[in-house]
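Undergrad: From first to last, the protein sequence lines stand for chains A and B. One rule links them: number in our numbering = place in the first sequence (from 1) + 9. One rule links them: number in our numbering = place in the second sequence (from 1) + 238.
In case anyone wonders, no lab produced these hints; they're calculated from the structure. Bear in mind the structure is a predicted one, so any value in this text is a computation, not a measurement. Wrong hints could be hidden among the right ones.
Here are some of the chain A residues that sit facing chain B, going by a computed Cβ distance under 7 Å [as the list claims (entries may be wrong)]:
1. Phe-21
2. Thr-29
3. Gly-51
4. Leu-52
5. Pro-94
6. Phe-112
7. Gly-115
Listed next, with one range per pair, are the computed distances between beta-carbon atoms [to be verified]:
8. B/Gln-252 x A/Pro-17: 33 to 41 Å
9. A/Ile-60 x B/Gly-254: 17 to 25 Å
10. A/Thr-29 x B/Asn-260: 34 to 42 Å
All C-beta atoms in this analysis are idealised placements derived from N, C-alpha and C, irrespective of residue type, glycine included.
Chain by chain, the residues run as shown.
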Amino acid sequence: DGGITQSPKYLFRKEGQNVTLSCEQNLNHDAMYWYRQDPGQGLRLIYYSQIVNDFQKGDIAEGYSVSREKKESFPLTVTSAQKNPTAFYLCASSMVAQETQYFGPGTRLLVL
Amino acid sequence: KNEVEQSPQNLTAQEGEFITINCSYSVGISALHWLQQHPGGGIVSLFMLSSGKKKHGRLIATINIQEKHSSLHITASHPRDSAVYICAPRANTGNQFYFGTGTSLTVIP
Numbered sequence: 010d011g012g013i014t015q016s017p018k019y020l021f022r023k024e025g026q027n028v029t030l031s032c033e034q035n036l037n038h039d040a041m042y043w044y045r046q047d048p049g050q051g052l053r054l055i056y057y058s059q060i061v062n063d064f065q066k067g068d069i070a071e072g073y074s075v076s077r078e079k080k081e082s083f084p085l086t087v088t089s090a091q092k093n094p095t096a097f098y099l100c101a102s103s104m105v106a107q108e109t110q111y112f113g114p115g116t117r118l119l120v121l
Numbered sequence: 239k240n241e242v243e244q245s246p247q248n249l250t251a252q253e254g255e256f257i258t259i260n261c262s263y264s265v266g267i268s269a270l271h272w273l274q275q276h277p278g279g280g281i282v283s284l285f286m287l288s289s290g291k292k293k294h295g296r297l298i299a300t301i302n303i304q305e306k307h308s309s310l311h312i313t314a315s316h317p318r319d320s321a322v323y324i325c326a327p328r329a330n331t332g333n334q335f336y337f338g339t340g341t342s343l344t345v346i347p
C-alpha cells in the first residue's frame, strides 16, 4: 500500500523547544514538500527537495529546518526561532518536481 | 496580493444539484491542480490539467490558460462531496504552486 505518512497527528510544543515532524513516503518519489496551512489562508511552501541531500527554501522558511538524507524521508524541524508555529503542517511528494503532488494526512502543531 | 482567487468561498447545495467552483489567477502558469481537503485535513489530488477539460466520475475540470480561469464542476452532488476544494496553479518557471484559500462545500441530504 503506497502512500505518505506523517507523524504525529498532533504535536505540542513548549516555549523555546525544537520539535520535529516526520514525513515518510514509499511512492519512490524524487520530490518532497512541506507546507503550512493557517485558517483562511492558502497553503504556503516552507521547504522543498527535488533530490536526496538537496533542498530549497520556500516562501516561509524562517524558523524551520529540514534534511533529506534518504529518498523516503523529509523531516521538518520547527525551531524556537519560529515565533508563531501553531498551524497545520502538510507534507507532499511528487514523482518529479512540478508534477501531481500527493499529500500526507498532516500534523497539527499547538503551542503550550 | 492574491495570485489566486476562488469563488464562492462557501457553498451550500442540496443533494443532486450541479455545482460549479471557479478559480481565477493573475500569474503565468503551465498547469493547474484541483485538490479536495476533507474535514480531517487530508488532501487528495483530483486533477492536474493544462488545457481543455478532464472528467473523472462526477467531477469535471476545465481550464482556459489564456483567460486565466478554471472551473470545477460536480454533477449530481452527494453529501460525501462535502469538503474544501482548493485550486493550485503551477507557475511557469521554478517549482512553485500557488494555492487558493479554498471553497468550502456542504451538500445537504
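Undergrad: Evaluate each hint against the coordinates.
TA: For each hint, the structure was consulted:
Because the beta carbon of A/Phe-21 sits about 17 Å from the nearest beta carbon in chain B, more than 7 Å, this interface hint is broken. For A/Thr-29, the interface hint is violated, the least distance from its beta-carbon to any beta-carbon of chain B being 19 Å, above 7 Å. The interface hint given for A/Gly-51 holds, since its Cβ lies 3 Å from the closest Cβ of chain B, which is under the 7 Å cut-off. Hint status for A/Leu-52 relative to chain B: holds, with the closest Cβ pair at about 4 Å, below 7 Å.
Contact between A/Pro-94 and chain B, as hinted, is not supported at the beta carbon level, the nearest pair being about 17 Å apart and thus beyond 7 Å. Restraint check, A/Phe-112 versus chain B: the minimum CB separation of about 4 Å is within 7 Å; hint holds. Here the hint on A/Gly-115 is kept, as its CB sits about 4 Å from the closest CB of chain B, short of 7 Å. For the pair B/Gln-252 and A/Pro-17, the supplied restraint of 33 to 41 Å holds, since their beta-carbon distance comes to about 39 Å.
For the pair A/Ile-60 and B/Gly-254, the beta carbons lie near 48 Å from each other, so the given range of 17 to 25 Å is not met. Restraint check, A/Thr-29 to B/Asn-260: a C-beta distance of roughly 39 Å satisfies the suggested window 34 to 42 Å.
Violation of the numbered hints given earlier is confined to hints 1, 2, 5 and 9; the remaining hints are satisfied by the structure.
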